[in-house]
Structures are given as C-alpha cells and as structure tokens.
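With the hints as your guide, set chain H onto chain L.
As a plain string of letters, each chain reads:
There are 2 protein chains.
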Amino acid sequence: MTTSSSFSRRNFLAGLGASALALPATGFANSFDNDQYLAQLAAQKRELFGQDRKLGIALVGLGSYATNQLAPGLQQTQYCRLAGIVTGTPAKAEQWMQKYNIPKQNVYDYKTFDRIADNRDIDVVYVVLPNSMHAEYVIRAAQAGKHVICEKPLAIMPKECQDMIDACKKANRQLAVGYRLHYEPFTREVMRLGQEKVFGKVKFVEASDGFRIGDPTQWRLKKAMAGGGPLMDVGIYAIQGARYVTGLEPVSVTAQFGPKTDLQKFKEVEETLFWQFQFPGGVVSNSTTSYAAGVERLYASCENGWFELSPAFGYGPLKGRTSKGPIEQPIVHHQANHMDNICKVLLNNETLPDHITGQEGLRDVRLMQAIYQAAETGRRIDLKA
Amino acid sequence: MTTSSSFSRRNFLAGLGASALALPATGFANSFDNDQYLAQLAAQKRELFGQDRKLGIALVGLGSYATNQLAPGLQQTQYCRLAGIVTGTPAKAEQWMQKYNIPKQNVYDYKTFDRIADNRDIDVVYVVLPNSMHAEYVIRAAQAGKHVICEKPLAIMPKECQDMIDACKKANRQLAVGYRLHYEPFTREVMRLGQEKVFGKVKFVEASDGFRIGDPTQWRLKKAMAGGGPLMDVGIYAIQGARYVTGLEPVSVTAQFGPKTDLQKFKEVEETLFWQFQFPGGVVSNSTTSYAAGVERLYASCENGWFELSPAFGYGPLKGRTSKGPIEQPIVHHQANHMDNICKVLLNNETLPDHITGQEGLRDVRLMQAIYQAAETGRRIDLKA
Numbered sequence: 001m002t003t004s005s006s007f008s009r010r011n012f013l014a015g016l017g018a019s020a021l022a023l024p025a026t027g028f029a030n031s032f033d034n035d036q037y038l039a040q041l042a043a044q045k046r047e048l049f050g051q052d053r054k055l056g057i058a059l060v061g062l063g064s065y066a067t068n069q070l071a072p073g074l075q076q077t078q079y080c081r082l083a084g085i086v087t088g089t090p091a092k093a094e095q096w097m098q099k100y101n102i103p104k105q106n107v108y109d110y111k112t113f114d115r116i117a118d119n120r121d122i123d124v125v126y127v128v129l130p131n132s133m134h135a136e137y138v139i140r141a142a143q144a145g146k147h148v149i150c151e152k153p154l155a156i157m158p159k160e161c162q163d164m165i166d167a168c169k170k171a172n173r174q175l176a177v178g179y180r181l182h183y184e185p186f187t188r189e190v191m192r193l194g195q196e197k198v199f200g201k202v203k204f205v206e207a208s209d210g211f212r213i214g215d216p217t218q219w220r221l222k223k224a225m226a227g228g229g230p231l232m233d234v235g236i237y238a239i240q241g242a243r244y245v246t247g248l249e250p251v252s253v254t255a256q257f258g259p260k261t262d263l264q265k266f267k268e269v270e271e272t273l274f275w276q277f278q279f280p281g282g283v284v285s286n287s288t289t290s291y292a293a294g295v296e297r298l299y300a301s302c303e304n305g306w307f308e309l310s311p312a313f314g315y316g317p318l319k320g321r322t323s324k325g326p327i328e329q330p331i332v333h334h335q336a337n338h339m340d341n342i343c344k345v346l347l348n349n350e351t352l353p354d355h356i357t358g359q360e361g362l363r364d365v366r367l368m369q370a371i372y373q374a375a376e377t378g379r380r381i382d383l384k385a
Numbered sequence: 001m002t003t004s005s006s007f008s009r010r011n012f013l014a015g016l017g018a019s020a021l022a023l024p025a026t027g028f029a030n031s032f033d034n035d036q037y038l039a040q041l042a043a044q045k046r047e048l049f050g051q052d053r054k055l056g057i058a059l060v061g062l063g064s065y066a067t068n069q070l071a072p073g074l075q076q077t078q079y080c081r082l083a084g085i086v087t088g089t090p091a092k093a094e095q096w097m098q099k100y101n102i103p104k105q106n107v108y109d110y111k112t113f114d115r116i117a118d119n120r121d122i123d124v125v126y127v128v129l130p131n132s133m134h135a136e137y138v139i140r141a142a143q144a145g146k147h148v149i150c151e152k153p154l155a156i157m158p159k160e161c162q163d164m165i166d167a168c169k170k171a172n173r174q175l176a177v178g179y180r181l182h183y184e185p186f187t188r189e190v191m192r193l194g195q196e197k198v199f200g201k202v203k204f205v206e207a208s209d210g211f212r213i214g215d216p217t218q219w220r221l222k223k224a225m226a227g228g229g230p231l232m233d234v235g236i237y238a239i240q241g242a243r244y245v246t247g248l249e250p251v252s253v254t255a256q257f258g259p260k261t262d263l264q265k266f267k268e269v270e271e272t273l274f275w276q277f278q279f280p281g282g283v284v285s286n287s288t289t290s291y292a293a294g295v296e297r298l299y300a301s302c303e304n305g306w307f308e309l310s311p312a313f314g315y316g317p318l319k320g321r322t323s324k325g326p327i328e329q330p331i332v333h334h335q336a337n338h339m340d341n342i343c344k345v346l347l348n349n350e351t352l353p354d355h356i357t358g359q360e361g362l363r364d365v366r367l368m369q370a371i372y373q374a375a376e377t378g379r380r381i382d383l384k385a
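Quick note, the sequences are listed as chains L and H, same order. For the first sequence, the UniProt record's numbering puts the final residue at 385, and the numbers step up evenly by one. For the second sequence, the UniProt record's numbering puts the final residue at 385, and the numbers step up evenly by one.
Take these hints with a grain of salt, some might be off.
Identical copies go unnamed one by one, so any copy, or any two together, can satisfy a pair.
Keeping only pairs whose Cα atoms sit at most 27 Å apart, straight-line, the calculated BS3-like set for lysine-lysine is [said to hold, decoys possible]: (1) K265 to K197; (2) K201 to K260; (3) K201 to K265.
It should be emphasised that the hints constitute simulated quantities derived from the structure, not laboratory data.
The following block holds chain L by itself, in its conformation from the complex (with noise of 0.2 Å):
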C-alpha cells in the first residue's frame, strides 16, 4: 500500500485543506455525539462550498445495501445528495421516487442509463451491481462523463478493473471504491497504530471475515454474477485489514479451501476459505473467510503489544482494544462519511487519495484471484509488486 504518508492521523485531521474530513480529535467516547459531528461538518462545508452546492449521487441497483445503507445516509451527508436511481424495475422507481422525492427525469432503467450524460443533476453514479456487472456500467458512467463510485469488489478479475481505470482516466473523471472503512474513525486508527508501529513493529496479523449465509437463490453464492464466495464478498475486508495495519503489500500467499457441508448452497461457490499471507520483513498474516460460520476480526500483535478490532468489518459500532486498553473513536454513519470524504474530494477539485481509487480495488482483485490459485494448486504463489 502506498497510501502510508497521504493516509496518515496528521494529514486525515489537518483540517479543512487535507483530503478528508476534520474528523474530532482522538479520545473520543463511544458517547461520541452525532448531532454535534453532523453540524460541524455542515459548517465546514458552508464555509468551502455554499449552503447549497452537493453532489448529485445516483444509485445504480436498488437492492438490499442501496435501499438499507446508502439511500438512508444519503439523507444525512453534507457533500452529496440522492439525485437519482437506475433500476430495471418499475415498482422499485415509482416507490424510491415518492420516498425520496426524486424527480422522473432523474430515474432510468439499464436501456436508457447512457442518456444520464445529459442530466446536470447527476455528478456521480455509485454502482451497487452484482460483481460481474461492476465493469460495463463503470465504463458507461464513465463515458456518460460521471465520477464513479464502484461497490467492493471492484471486478471479478484484474483485466476489468484496469479496463474501467482506463476508461475513467479517458474519460478525466475519477473513480472510487466502495471501501467503506477507509474513513472510519476506529480503522483509521488502527492504520496509525501498526502504520505508526505506535506498539512497535506489526509481526502478524489475524484478519477474518465471516457469516452464515441465508437465502440459497442470491447472486453471491452464483459464480457467475459473484466470481467467487465470501473471499469475493467479505474476505476482500480481510485483505484490506491485514495490509492497512501493517502498510505493507504481500509478497506470497498460500491457500487453503474448507470443506463444502451444503453442496446444493455451494454448488458454484467456496464455502470457507483460508489464506495466509508473508508480507516484507517477515511479517505474516492468518485469515479465515466463510459463507457457513460467522467471525469478524481484525488483530494485530506488535513488538510491544498488541491492538484489535472486533467487530472489524461490519456497518458499526466497530469496537477496538490493544494491550494498553479501549480504544475510543467517535461512531459515525459508515456509508454516509464515505460518500461524504470522496464527494469533497471531488467538489473541492482534488484527486481522490490512492487508497480509495480504482488502483486499490485492483490490487485487491489481483489478491483474490492469486488466493484462489493458492488454494486451487496448494502451491505458495508469488506476488508481484
């Protein structure tokens, strides 16, 4: 990761000019008081922008994380509003419109979606499609001349992800990554601490992303809309936290499949997975990923202590400790303070951070698909920088 001097606490908080937010101070309680956050980033904003001027956002694919996470914190960001939705269903559009007041001539459908170049209202379309679909409408919003915010994974294999980069960079608009954490004050923190070796040097990490999956019928446990199973899905988190902690790029990974206990679910799909990798200097990580057990962590062990996140990955509260006691960090909105961080990049006219862009969603993608040969060939597999 490359992100170590641009990512750092000092730069995150050095106010109004830096790249994200001037989020409070460390020592935060848990009793972290929202309200109080919310005003002070609207009074930011009113004194960089104007009262009035936010992005217009519009979500592509109205399923159960656009209608249950980003619409609801699209009502309390201050860079960027819910301008407009594309979905191929009618019933969805009509109930969407009346619920948030969008205007007709902001929703489309998957044909009509490239007329949204014409629309003034539109800065910005997240892609909240299933995994196989990330690459055509990244590159289409791109064409449509719109900055791109793309789920988690960014693709299924590394040839799309440089496909829709280039296509951005063609286009000059950018391109983020829903990594969601990137911004939340409880990860940020444990990146300074292993980043910042505030307990010395990180020597292993024991990152692990994990649930019981339900419905049998969804597009995640479909190789073909998905690409994979929870690696795709919530062991891409893992691979985050092992190298935000320790700043570092793997340079070898092995693999190793769990067994398959409900064929008929994970027909298409891994059910569980582990992997191991060695980053530079001998620092090692240990991660488990499944579809059929539910584990979510991120540690860290130190020179000189330790620190934890767990939970680590969901949509919060995240709860964190290290060896010297709580750690405390204001609770915020995940999705709302990503979208937040990125549209103020972009109103301000600067370039999104690395650790947010396409190049990011990339080397993850690249990490997965080297895992999944790990674990297909039991050989150690070689990563290149």
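Coordinates of chain H only, in the frame set by chain L:
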C-alpha cells in the same frame, strides 16, 4: 476426544463422588473468594481422606516452571504436597530444601533417582524436564513404582509416548499429562459450551498461541531437546483448544511454515506455523503458533452465536465472553487446581479420566507430527482415528 460424557459439567459438579473437584457452580463473579474456595476443598478432603493424608509429589527438574508455578502451587494444594525434588544442581537442592522444608532423604540427583522406589514419602513423580527427556524419566518413575505426571508435550514422537504408556501400565501406575487447563473453570465452561452445543453446533474454531521468545540459548530453541519450536511449546494448547471445544478429533490437516526473521535464533526450529484442521461434519479450525508474535485466543463460531477465551491458555486469569455476554467463573491457581484434581483421583483409587492421561498426550503428539509433515510436504495429511 472420547471425553464428552465423562467430562461434562454435570459430572464435574456432581460432588464428592465425581472425578473432578466440586468447584462452585456457574455464575461466580471474578471477584471469587479464593480463600473460601480453598476452605471448601479442605473440608471435602477431610471428609474423604482424613486431615493429614496428602500424596507426596517429587518434582523432577527445577527449571522456571517448577520454581515459579508448581512449587508455589503446591503450597495451596489439599490433596498433595511438595515432598521431594530431583535436580542435578546441588546449589538448587540446598535452596529448595531450606525454602520448602524438604528433608535430605527426599532429594535426588539424576544418578540416584531410581532409589526413589524405596521412598514412601513420594507417591507421585512430576517430570518437568525438557521434552526429549520425558520418556526416560517417566519410564524410570513408573519402574520405581510411582504414579507420574509429565509436562506437555508428553514426548516428541508417538513411539516414545506409547513406551511411556506401556511402562506405566506394566507397573500398574497411572500417567497424567500436565494439561493444567483441563480442570480450569473458564476452560471447563468453554468445553461445556461447545460440547453441549449451547450455541448450536460449533462450525469454526480460531485457536492460536504464541509469544516473543527471549533468551536465544534456551533448550526450547534446540531441536534435539524440544523436538520443534512454538508448536511443541504453546501451539499444543491451540490443538487442545480446537479439540476440546468441538469434542471431535480432526480427520485431516494442512499446515504452512512462516518465514524466519531471525536465522540465528530459529536455526533449528520453526519461528511461526499455521495449520488448519478438518473435523467430522465439516467443522474447521485455523491456528497460528509463533515465537515471534504474541497471540493467545480460543474462538468458536457456532450455529447460533459464538464464545471466546482471550487470554485462553496462559497461567491466568483467563477471560471469556460469548455472544450473550461475559463468561464468569472462579479464578483458581491453575497448577494447584490441576495437581489437586489428579491427586484426588489417585487418593481415591480411581482411574484418571481419559482426557488427562498419556493417551491424550499421545493424540496431541501424533497431531503435531502430522502438522510438521503437512508443512514440510505442502500436502493435506489424512489422520487416522
């Protein structure tokens, strides 16, 4: 593990006739009154065996564990007492005789050790020597007509374990392993939670134990004496943990060595090791052991919740929580509690439960050798029941 029935909390708490000491029932706060606990044990013991009858234990090898854990523990025990010592260092013999009021005739060196056969003060020999010496001294102790407790790992190779088991059987003496956690209340509680399926079936276990080793000259880093690195020393606890919360024996294992970051210190043994067990029914575990990083946790993900000990394996106090709240149990002196439970069985002329015997030690030694084989070959190793 064939212990689920003999080893349930019900039996554990069934009172004086059961093989385990009748510890207080669940729900005790951590402010548990140790004095009251000891007084209860003493009262039970008087009732069973009369005031003065305690088994005499001789410690063989007066290293750190004997000095700092076992001897102080033996000042708290109700069913046994520190009666003798075996040491090759005359200055240590002098110190211990004075400190613990040990008569000269109960002090042996490694040449005179076998004369312990004639010493009626000594009922039990506790072997606390380096791993490579366990077999010889266990067998000599049995041949001298003594019951034996042997530190874990029981030995380095399965053949040695079998020889030890056979020698004790032939001498009609009992052989226990220094698995001090098998009677520890937090550990008993997680055995119960897992084996009695309190949160449903255990699906996944993450069990890890490691620490940053100091003195590079110690025997634990010499392959001939230790038989291996952190796996033999503390990784064995993670193996035990995965087995005793599931109540199952693994059917296959994969394993991977971590890199060596200190080639001098880790010239002969591994620095870090990862392994993954598969158990019957698709239950899986993932583990890390290391001499380079501190980690100590036993986490079980179940169908309807989870439970965790962290710290899970150290000398205490352990600490536990579940998806429903904290685990509250009495805090005991691990070693005193362990020796008392073993000696109560011996005093009672009962048979030690399987989970604490040489057979259990042999199981772990077989698994450790399979883990090394898996790491060395890169292959999944099938385990015979």
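Do the hints match the structure? See the list:
In the homo-oligomer, the alpha carbons of K265 and K197 lie at most 27 Å apart only across protomers (24 Å), although the nearest pairing inside one protomer, at 43 Å, exceeds that limit. Taking CA atoms no more than 27 Å apart as the test, K201 paired with K260 passes between copies only; the shortest distance there is 16 Å, against 37 Å inside one copy. Within a single copy, K201 and K265 get their C-alpha atoms only as close as 42 Å, which misses the 27 Å cut-off; across copies the closest is 19 Å, which meets it.
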